[in-house]
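A.B. asks: Listed below are the residues making up each chain.
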Amino acid sequence: MSDDLIVILTGAACAIACAIPGCFLVLRGISLIGDAISHAVLPGIVIAFLITNSLSAWPVVIGASAVGLLTVFLIETLTRTRRVKEDASIAVVFPALFALGVLLLVQYADYRDLDPDCVLHGEILHAPLMTIELFGATLSRPLFVLTIAAAVNLVFALVFFKELKLSTFDAGLAAASGFSPILLHYLLTGVVSLTTVASFESVGAILVVAFLIVPAATAYLLTDRLGPMLVLAMAVGSTAAYLGFELAVALDASVAGSMTVAMGGLFLLVWLAAPREGVLGRFLRNRRRKERFALALVIEHLVREPTAAPDLAPALRWPEQRITELVATLTTRGHIAENAGVLVATKAGSEFVSDVVD
Amino acid sequence: MSETLLTVLAGAMVLGLSAGALGCFAVLRRHSLLGDALAHAALPGVCLAFLLGSWAGFDPKHPLLLAGGALCTAWIGTLLILGITRTTRLKQDAAIGIVLSVFFGAGMVLLTIVQGMGNAQQAGLDKFLFGQAAALTRNDVIVMSAFAAVVLGALLVFYRPFKLLVFDAEHAASLGIRVKRYEVLLVTLMVVAVVLGLRTVGVVLMAAMLVTPAAAARQWTDRLGLMIALAGGFGMAAGAAGAWISALEARIPTGPIIVLSATALLLISLLVSPRRGLLWAWVRRRRNRRRVRVENLLKDFWRLAERDNGYGRPRALSDVMAVRGAVSRAVDDAESTGFIRKAGTQLQLTDKGLMRAARVVRNHRIWEAYLSNRLDLADDHLHRDAEDMEHVLDDEVIEQIDAALGHPAKDPHGRPIPRGAPA
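Protein chains in written order, with our numbering: chain A, 1 to 358; chain B, 1001 to 1423.
Just so you know, not all the hints are guaranteed correct.
[Claimed, not checked] The following label-pair restraints were derived from C-beta to C-beta distances:
hint	chain 1	residue 1	chain 2	residue 2	range
1	A	R82	B	H1171	17 to 27 Å
2	B	R1181	A	L268	22 to 32 Å
3	B	D1376	A	R82	26 to 36 Å
4	B	H1171	A	T81	48 to 58 Å
5	B	A1281	A	L284	50 to 60 Å
6	B	F1158	A	I182	41 to 51 Å
7	A	G281	B	P1274	52 to 62 Å
8	B	R1181	A	F293	29 to 39 Å
Hints were generated in silico from the structure; no laboratory data involved.
Every residue, glycine too, gets a C-beta built ideally from N, C-alpha and C.
Produce the complete structure using the sequences and hints provided.
C.D. replies: Take a look at the structure:
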């Protein structure tokens, strides 16, 4: 496998792994919990590193994920005291933990083999260089880890699909049906923590937020159904990983950053052009609706009161030119006809009106 | 004190003051994470300004130039957040997350491009990520102070409309205040405050500079003016502590220490602030539980006494505990308060205890009578509510209810309502 391909695949695996819990974060309106977790696992990673002296060991993954869950717990505890609102709790807890992480990092970075830049930003370009021997083959460790993470998350989503779906869209019914909302919340945030930690050395603490949220949000603008949304989010994420890599090569810039920018670009595209939720689609739909309504109003007036063409504008109190346009359109469509000097609505015209009114 | 330390100290304190004061509005309007997004969105602006500056031949690291760039992209980020929430079904949290991470990614891309230019000037641009207060220059602090003065001045001038906006935007609109205009102004001020902090604490920790001091100040007061002053003060204190502590030893970064100091202030405020303090709430809860425990025990004595008409009679512990399973802790508490005394191996109500027992039973039965007479509750629905109310009703209320009910002699279950301790 070429090095470029490994980098792209690592980015895609990261995007797929993140997109799955990301969809639920977006749908539940807790995207920023993902933000908080991804920042707050830093002290966990540093502490686990200081104990095990390695960034790759499983204890790091477990320890740092535990700190992710601790973050969620702290935010909830602080909110539950009712002294601090939820948004403020998030904004208080994760910078504090992140500050602790930076402090530890700076304290020990100098005489331990721990590069702050590497931990904070990750370096996906190193993916082909970090190898492990497995079953006699030499594999890229980040690619391997993220592929496992993606597979685990996929299994998680499939196994708990019903529970997650119900508790996301109707928390009350889910609780009444015997699915513990708290358990599911911690399960989901646990998955977010694990995924964040797995993504750390490739894309870093902050950009992983983009991998979690942006593809999921993009997919949400394209579909109303959870299953297709998950698939679309994974597709958007991995497409962005590929486009981002090409962009990074072209600009000679940060690969993970470029992948994020590509995600932003795809989001922007969908935001503007999505069939139903897009800005453009809405604009066109609104204009069409307005036009149809105006046409119907003119016909409706003629049904009640056949009018000569020059008298129509004063009768409706609309601008002359607008009326001329509308009359021309209606005449070519056969919705109105001129009869002995006055305009009257045809049968097709009346049908059009009842169609619009319905 | 060295010149460097003074500079850092001044910078950190100016930042703490303005971010803390402005953060109050973010916290009260539940926009706490907007600051986080703004800070991240400022990063590409800094890099763009640098690129523009080196291309046009200015000093690319002039603080005003970089601040201007940061202001621009932070502003665009805010507009995008508003646009996404208005025109799509995505909620604010997702909009904030998208803008925050994509702008930061763009910042990383630009940063690597700048670094790839091999320009000696570029060194230190990445300090915007996590801040490097130690590198603050006199010039930086002057620019920061000017910005801070603008922010605080605007807060003073527009205090009244801002206050209305925070607490009742609809009312403000009905008074003819241009709510949109002040919203925009407030966000702009927040952007300025965020840009102020980029050099000192960096984009990631900036959210805490806005929110943590304000959340701490909120614990001490219900008044906006005081809250702003306190938050500014806390922010300044945290800034000073951060600058001071990080100067003590090498390898202690200023930004994180400022944030951790502010967090410590918040924790202290949460625990011991006079009215909202969790410590006092805990003490109150403990005291109430003890009181309920003791009063229930006294009631058990009374119920036993009603059976054999022996109000002052010593009783075996096991008899009292059998009534409802009172715990020995209740016995210890009641004894130390002087409601009961030990008589040999037995327990006996003191005069004080007898009076309190009569009062609790009276409260309970009058409340039952009230619920039954006035609210027409069924007889089997009275007891549980009365079990709670007997401990909270004060004498004045009870006498009023008693009078309103015509001084009933018995409760709905036919048990006598005591008036004071029996002779």
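A.B. asks: All hints are to be evaluated individually against the structure, with a verdict given for each.
C.D. replies: Now for the hints, and whether the structure bears them out:
Taken as a hint, the range 17 to 27 Å holds for the pair R82 of chain A and H1171 of chain B, whose Cβ atoms sit roughly 25 Å apart. The hinted range of 22 to 32 Å is satisfied by R1181 of chain B and L268 of chain A, whose Cβ atoms lie roughly 28 Å apart. Checked against the given bound of 26 to 36 Å, the beta carbons of D1376 of chain B and R82 of chain A, roughly 35 Å apart, stay inside it. Restraint check, H1171 of chain B to T81 of chain A: a C-beta distance of roughly 29 Å breaks the suggested window 48 to 58 Å.
For the pair A1281 of chain B and L284 of chain A, the supplied restraint of 50 to 60 Å holds, since their beta-carbon distance comes to about 57 Å. For the pair F1158 of chain B and I182 of chain A, the supplied restraint of 41 to 51 Å holds, since their beta-carbon distance comes to about 43 Å. One distance hint, 52 to 62 Å for the beta-carbon pair G281 of chain A and P1274 of chain B, holds here, with the actual separation near 56 Å. For the hinted restraint 29 to 39 Å between R1181 of chain B and F293 of chain A, the CB-CB distance of approximately 33 Å keeps it satisfied.
Consistency with the previously given hints fails for number 4 only.
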